[in-house]
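**Q** Given chain A, work out where chain B should sit, using these hints.
Taken in sequence, the protein lines are chains A and B. Quick note, my numbering runs 5 ahead of the 1-based positions in the first sequence. Quick note, my numbering runs 5 ahead of the 1-based positions in the second sequence.
Please keep in mind that the hints were generated in silico from the structure rather than gathered at the bench. Do not rely on the hints blindly, as some may be mistaken.
[Stated by the list, open to error] What the simulated footprint calls covered on chain A by chain B, stretch by stretch (three residues with Cβ under 8 Å from a Cβ of chain B suffice, anywhere in the stretch; the number is not a length): (1) 122 to 131; (2) 496 to 506.
[Unchecked claim] Below, simulated PhoX-like cross-link-like pairs (lysine-lysine); rule was C-alpha separation at most 20 Å, straight line: (3) B:Lys-127 <-> A:Lys-554; (4) B:Lys-389 <-> A:Lys-389; (5) A:Lys-471 <-> A:Lys-493; (6) A:Lys-108 <-> A:Lys-29; (7) B:Lys-134 <-> A:Lys-127; (8) B:Lys-127 <-> A:Lys-127; (9) B:Lys-372 <-> B:Lys-493; (10) A:Lys-372 <-> A:Lys-493; (11) B:Lys-471 <-> B:Lys-493; (12) A:Lys-134 <-> B:Lys-127; (13) B:Lys-108 <-> B:Lys-29; (14) B:Lys-63 <-> B:Lys-134; (15) A:Lys-373 <-> A:Lys-554; (16) B:Lys-493 <-> B:Lys-373; (17) A:Lys-63 <-> A:Lys-127.
All C-beta atoms, glycine included, are put in the ideal place defined by N, C-alpha and C.
There are 2 protein chains.
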Amino acid sequence: MPEIVVALAQMNSTIGDLDNNSAKIVDYYQQAVRVGADIVAFPELCLTGYPPEDLLLKPEFVRASTEGISRIARQTGDTIAVVGFAEADSDTFNSAAVMSRGKIVCIYRKTFLPNYGVFDEKRYFGAGKKNVVLQIGDVRLGVTICEDIWFPGGPLEAQVAGGGAELILNLSASPFNRGKHAYRRKLIAARSIDGPAVLAYVNMVGGQDELVFDGGSCIHHPQLGFIATAPRFREALLVSQVDLTPLRRARALEPRYRHGDSVRAGENPQVFMLELPVKGFNGRQSVQPAAQSRELDQIEEIFEALLLGLRQYMSKNGFLKVVIGLSGGVDSALVSALAVEAVGAENVTCVFMPSRYTSEISASSAKKLAANLGVGLLTIPIEKIFLAYRESLPESTGHSWADHTLENVQARIRGNILMALSNRFGWLVLVTGNKSELSMGYCTLYGDMAGGFALIKDLFKTQAYKVAEHMNNRAGNDIIPRDIIERKPTAELREDQLDTDTLPPYEELDPVLEAYVEEGMSAQEIMEMGFSRELVRRVISAVDGNEYKRRQAPVGVKITSRAFGRDWRMPISKYQGMPFYGKRAAGLSE
Amino acid sequence: MPEIVVALAQMNSTIGDLDNNSAKIVDYYQQAVRVGADIVAFPELCLTGYPPEDLLLKPEFVRASTEGISRIARQTGDTIAVVGFAEADSDTFNSAAVMSRGKIVCIYRKTFLPNYGVFDEKRYFGAGKKNVVLQIGDVRLGVTICEDIWFPGGPLEAQVAGGGAELILNLSASPFNRGKHAYRRKLIAARSIDGPAVLAYVNMVGGQDELVFDGGSCIHHPQLGFIATAPRFREALLVSQVDLTPLRRARALEPRYRHGDSVRAGENPQVFMLELPVKGFNGRQSVQPAAQSRELDQIEEIFEALLLGLRQYMSKNGFLKVVIGLSGGVDSALVSALAVEAVGAENVTCVFMPSRYTSEISASSAKKLAANLGVGLLTIPIEKIFLAYRESLPESTGHSWADHTLENVQARIRGNILMALSNRFGWLVLVTGNKSELSMGYCTLYGDMAGGFALIKDLFKTQAYKVAEHMNNRAGNDIIPRDIIERKPTAELREDQLDTDTLPPYEELDPVLEAYVEEGMSAQEIMEMGFSRELVRRVISAVDGNEYKRRQAPVGVKITSRAFGRDWRMPISKYQGMPFYGKRAAGLSE
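Extracted from the complex, chain A is given alone in its bound form (with noise of 0.2 Å):
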């Protein structure tokens, strides 16, 4: 009977550690000989972990990850181990090595590299120009990375078309923004059900500075649909029995896919027929596929991005215990809430900075959300250092000291203070600005931008709300007091201030940034959507104007398409009239 045994290693690696990502490599195949597995897939690159950026620059470190796999491969048996690391050769390649009894096998080398959004990989790789294809048993199986599959006319088609492939794996590191997991679903069903071929796909999970691996792995077979899939945003192994059989019938009906027929002219692949051991595919103990648990909503799998996004950063960079400036509005409390279900109440401090401008209900309202997340709440009023401040500052200039520039002392002094608990005790800094704000430049450099991770950054601020009900009802009452969901935003700089002061109003604002930042309209598109001139005008004016502080910014969770990071590379310096640009360039008045 045409079955193998398929196990995916949803694992979490660690930048540049590749003694321990070895030995959880390892780890892993030992778990999946366990349970029968005949291959066992590694996620892209996880021996390096993903992505190692510039490190891959440096020659010792891609020589070191070649020569791991050479020692992960002395430590198989039987059972085939596909695992992604950085391959030093003539160039450096993206690949995965197969490897079985001791022995490399073969490598695979990524053939389609990425190099948009907050992908690089043209920067440090060679492309990959053979396909491989391995005979196991009566099995062809074939080997892609990643981006291999993402696009039609790739590898995939080479490796089944031209070398028979009847199972496929995909090694990934895809990075988790709102909504990919289910298009990557589509397009791992398109991709098996074109070949036709199953296609296990094995994702990475973590995270690593801006980015959240969400996991998500799961085998599609072009008959019989998803036949299993793995959780999302922890680790897990998948094990999966895979019957060819619905496949074969189906392809016998369809001579084009008989094993040995050429492709057409020009997709022609170099392919390298392997002739592994035959193994007993019978008698073996029967493997249930994990349960598939239902598909996560978006406000749900952004929850969970940020709290794997900010446990992991701590992880990586050894915090235990947080520290948040609290200001009563749903922000701070927002990222409160999250730190305490990320990391426990006992490794989360709030602090209360009351200025003379802090309200009643700020102060009432911190008090309760800490009491009720169980949280130490420190209490430093700002008011003496913001007077040594007004008196040290020289009047000798002759002005009067501006409230704009008050206002941003009285950020800075609170920006010193969580600095200075952060530099005694070792607490991360958490910055609690949103995407709304960073976008529209409403934040202090130095002040509220402080900090070392900022975890909700990439989440505007209608959406922050969203995830703080969900907070709410997830538990079962309102965590975060709705005193402070329902007031109205205000950074309590100046005297009865609110953000539509300076804003415009978050449900008309973001819509616009989402339109202009994330999906890249221009802004004669947004205006057709049906926003004013004069708001688009604005809105343009004030994302292009503020990318000086946005370098300047720590980083936070990618949530959306396009996240102020590595998928966000814009000049500062620049010509700042832009949002009406082809209508004045074209000589026609804006």
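**A** Just chain B now, with coordinates in the frame of chain A:
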């Protein structure tokens, strides 16, 4: 007589300001026409500015550039203009439009796209696949763009060997780093001689965030050497008569170069032959090439790059004045002197912010420096504010406040004061930290790192002294007082502190940093240079462990071949035991 008059417009563009860039192109074109040029060439992407980064992902932006080039074409006459622009077609291309008599005659698309260092061109552009050769009178002209001539086997060879080109234009936007100009000239000479062809190289000039473009446009003749060179670090129109007789004589002796010969198999380019109107080269007034100034030495070119970079960041971001915190040390003195040189003493304010740890010599040095430079000096003691912080920080935590924390508090008070002045008066805060400090993390986030432009962030401390000495020599007296140059470096954040309490002496540190950061050498290789294992480990650990600080640092002028900017993309979260990586991974002891 086979002679042609070539003009090279070494111009400065502003990113995204297509209207003003266009106007400037047309202005240079008309100047070139007035002096009798047959051809005038402009830098790579001079219509959009370079590098436009993710603006190139906006279809409306690339469309505006493509439309803009058509409008420029309409203003051309008999003189040929060759202008770099971003071209929207089936893909986006980094292109050069060849224009005359109101029309675009043909377009050449850059073939080699750099995707290393600061360059991300494969993120934005499709690669050109066709060469163009133009027939003008009896002269054949080829066109290349920047990277196209950086490696052998490129379009220049195809245009010469396959298309009979005798004169090759190269449109460049090649950013400065120390020593690169000399390297470029060798490269240009090599390509020209190997062609053989006259190579007219036009480089951009100006500053763009961290990059400075240093000009130095030139024409190299394979028989006559460099026949014309433009000044560096400023705009210029270089005009030169090019006599092709010696080239033709030489080619006649080597029949393989005879016009119309086909090249070797595999190199045969697709060549467009375009017959342009024959223009009368005779009877034209002779044009003198610009006088070639002597080559700048390394410190001189760094000095010029710093001035240009600062001026450009200010003018392109709308700053008229700067503010600098003076410590009494060499870095802040140098930055102040550079600022005065760049924008004039009347536009520079220095701020001296003494604490209880500030020495008398710092106070007197700061005063002397300010007097020498003729700048305004504000003195704002931080003691009162510092005490207010000490009193406000909670004793309730049961910890005393360690020195290290209070050191940072002081630095951040100074940062807050400078930012308050910036917010109030619109002054750009210049950060005074150098590369040695930034590499080692010997600097305070939101403290001495706070500001808009970190002028000398890519200058090692030992180089800072050299530039300071250069400025004194240039001035003919010690505008930077000898006290400042000769005292031992100190941060003065606690009693009797010296940099060497924390760092190795700069004479030892800087070569190790240069080897590790700039040259990308491994720990092993650096030890083989003669540095101790302990020193190498200490330096590399500090560099690797302080990525989080650098990620929040402001931009500053790139001086070395590898600055902490777009050409240094390192993960923050990573295994921190990397120095002897290869050894450890290989199972060897450290």
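**Q** All hints are to be evaluated individually against the structure, with a verdict given for each.
**A** Evaluated hints:
1. 122 to 131: With 3 residues close enough to chain B, the hint holds.
2. 496 to 506: violated (count 0)
3. B:Lys-127 <-> A:Lys-554: At roughly 27 Å apart (the allowed maximum being 20 Å), Lys-554 of chain A and Lys-127 of chain B break the hint.
4. B:Lys-389 <-> A:Lys-389: Since the Cα atoms of Lys-389 of chain B and Lys-389 of chain A sit roughly 10 Å apart, the hinted pair holds (cutoff 20 Å).
5. A:Lys-471 <-> A:Lys-493: holds, 16 Å
6. A:Lys-108 <-> A:Lys-29: Cα-Cα ~19 Å, so holds.
7. B:Lys-134 <-> A:Lys-127: Measuring from Cα to Cα gives roughly 19 Å; hence the hint holds.
8. B:Lys-127 <-> A:Lys-127: holds, 8 Å
9. B:Lys-372 <-> B:Lys-493: The given pair, whose Cα atoms are some 18 Å apart, holds under the 20 Å limit.
10. A:Lys-372 <-> A:Lys-493: holds, 18 Å
11. B:Lys-471 <-> B:Lys-493: At roughly 16 Å apart (the allowed maximum being 20 Å), Lys-493 of chain B and Lys-471 of chain B satisfy the hint.
12. A:Lys-134 <-> B:Lys-127: holds, 19 Å
13. B:Lys-108 <-> B:Lys-29: holds, 19 Å
14. B:Lys-63 <-> B:Lys-134: violated, 24 Å
15. A:Lys-373 <-> A:Lys-554: violated, 33 Å
16. B:Lys-493 <-> B:Lys-373: It holds: about 18 Å lies between the C-alpha atoms, which stays within 20 Å.
17. A:Lys-63 <-> A:Lys-127: holds, 16 Å
Checked against the numbered hints listed earlier, the structure breaks hints 2, 3, 14 and 15; every other hint is satisfied.
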